[in-house]
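Assemble chain F onto chain R, guided by the hints.
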Amino acid sequence: NAGVTQTPKFQVLKTGQSMTLQCAQDMNHEYMSWYRQDPGMGLRLIHYSVGAGITDQGEVPNGYNVSRSTTEDFPLRLLSAAPSQTSVYFCASSRRTGAFNEKLFFGSGTQLSVL
Amino acid sequence: DQQVKQNSPSLSVQEGRISILNCDYTNSMFDYFLWYKKYPAEGPTFLISISSIKDKNEDGRFTVFLNKSAKHLSLHIVPSQPGDSAVYFCAAVAIQGAQKLVFGQGTRLTINP
Numbered sequence: 001n002a003g004v005t006q007t008p009k010f011q012v013l014k015t016g017q018s019m020t021l022q023c024a025q026d027m028n029h030e031y032m033s034w035y036r037q038d039p040g041m042g043l044r045l046i047h048y049s050v051g052a053g054i055t056d057q058g059e060v061p062n063g064y065n066v067s068r069s070t071t072e073d074f075p076l077r078l079l080s081a082a083p084s085q086t087s088v089y090f091c092a093s094s095r096r097t098g099a100f101n102e103k104l105f106f107g108s109g110t111q112l113s114v115l
Numbered sequence: 116d117q118q119v120k121q122n123s124p125s126l127s128v129q130e131g132r133i134s135i136l137n138c139d140y141t142n143s144m145f146d147y148f149l150w151y152k153k154y155p156a157e158g159p160t161f162l163i164s165i166s167s168i169k170d171k172n173e174d175g176r177f178t179v180f181l182n183k184s185a186k187h188l189s190l191h192i193v194p195s196q197p198g199d200s201a202v203y204f205c206a207a208v209a210i211q212g213a214q215k216l217v218f219g220q221g222t223r224l225t226i227n228p
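Chains as they are written, first to last, in this note's numbering: chain R, 1 to 115; chain F, 116 to 228.
The shape of chain R in the complex, shown without the other chains (with noise of 0.2 angstroms):
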């Protein structure tokens, strides 16, 4: 059982590059999302999926974009890279929306440094 799979688990990037960061989940969850991790901030939401064809921002989109074409997809995409996006990025997924108690599944991270 794979869960939440993130590629790839290393990236270096060029300021001004575009890249794009995978994340699939095989367990049918409705939702997804993606979270960054910085040092004393905790991790905070880029953006969110309730559905295919359904995506939103969350704390902090800008710079990046999001599409969810099938249910098991939730690719990240920088746009042209900023030093200020080195962080470590997680994706997520759980199986119901607006069912509060229903627990995120994480994967586990891509590393991200831009130059």
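Derived by calculation from the structure, the hints in this document are not laboratory data.
Listed next, the in silico DSS-like pairs over lysine-lysine satisfying Cα-Cα at most 27 angstroms (straight line):
1) F:LYS171 to F:LYS183
2) F:LYS171 to F:LYS152
3) R:LYS9 to F:LYS215
4) F:LYS120 to F:LYS215
5) F:LYS171 to F:LYS215
6) R:LYS9 to R:LYS103
7) F:LYS120 to F:LYS186
8) R:LYS103 to F:LYS183
9) F:LYS186 to F:LYS215
10) F:LYS152 to F:LYS169
11) F:LYS120 to F:LYS183
12) R:LYS9 to F:LYS152
13) R:LYS103 to F:LYS152
14) F:LYS171 to F:LYS186
15) F:LYS169 to R:LYS103
16) F:LYS183 to F:LYS152
17) F:LYS169 to F:LYS186
18) F:LYS169 to F:LYS183
19) R:LYS103 to F:LYS120
20) F:LYS171 to R:LYS103
21) F:LYS152 to F:LYS215
22) F:LYS215 to R:LYS103
23) F:LYS120 to F:LYS169
24) F:LYS171 to F:LYS120
25) F:LYS120 to F:LYS152
26) F:LYS186 to R:LYS103
27) F:LYS215 to F:LYS169
Note that the structure is predicted; figures quoted are calculated from it, not measured.
Quick look at chain F alone, frame taken from chain R:
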């Protein structure tokens, strides 16, 4: 504005003793609270949760206490074990929040043998 705060970046506890991790929140709309545990190079994993209709929830060695009037919750681990060494995140959500969890900064717990 940090809506969920964990004011202790780190905590060191002797094996076998009690570990107490604290969390404060400012948004009175939060009505469900969760604790996640994170090991290095892994994603956070769910540990325990509590609804605002309760003031205590227990699961084995882990107990979460909620004081709504003080907007404060705490996680107690008794007895503490070396495998408990990890970063612990407190998180909160409002019923209207559609799973938009708000996380604290995390507390690094170290259990010393």
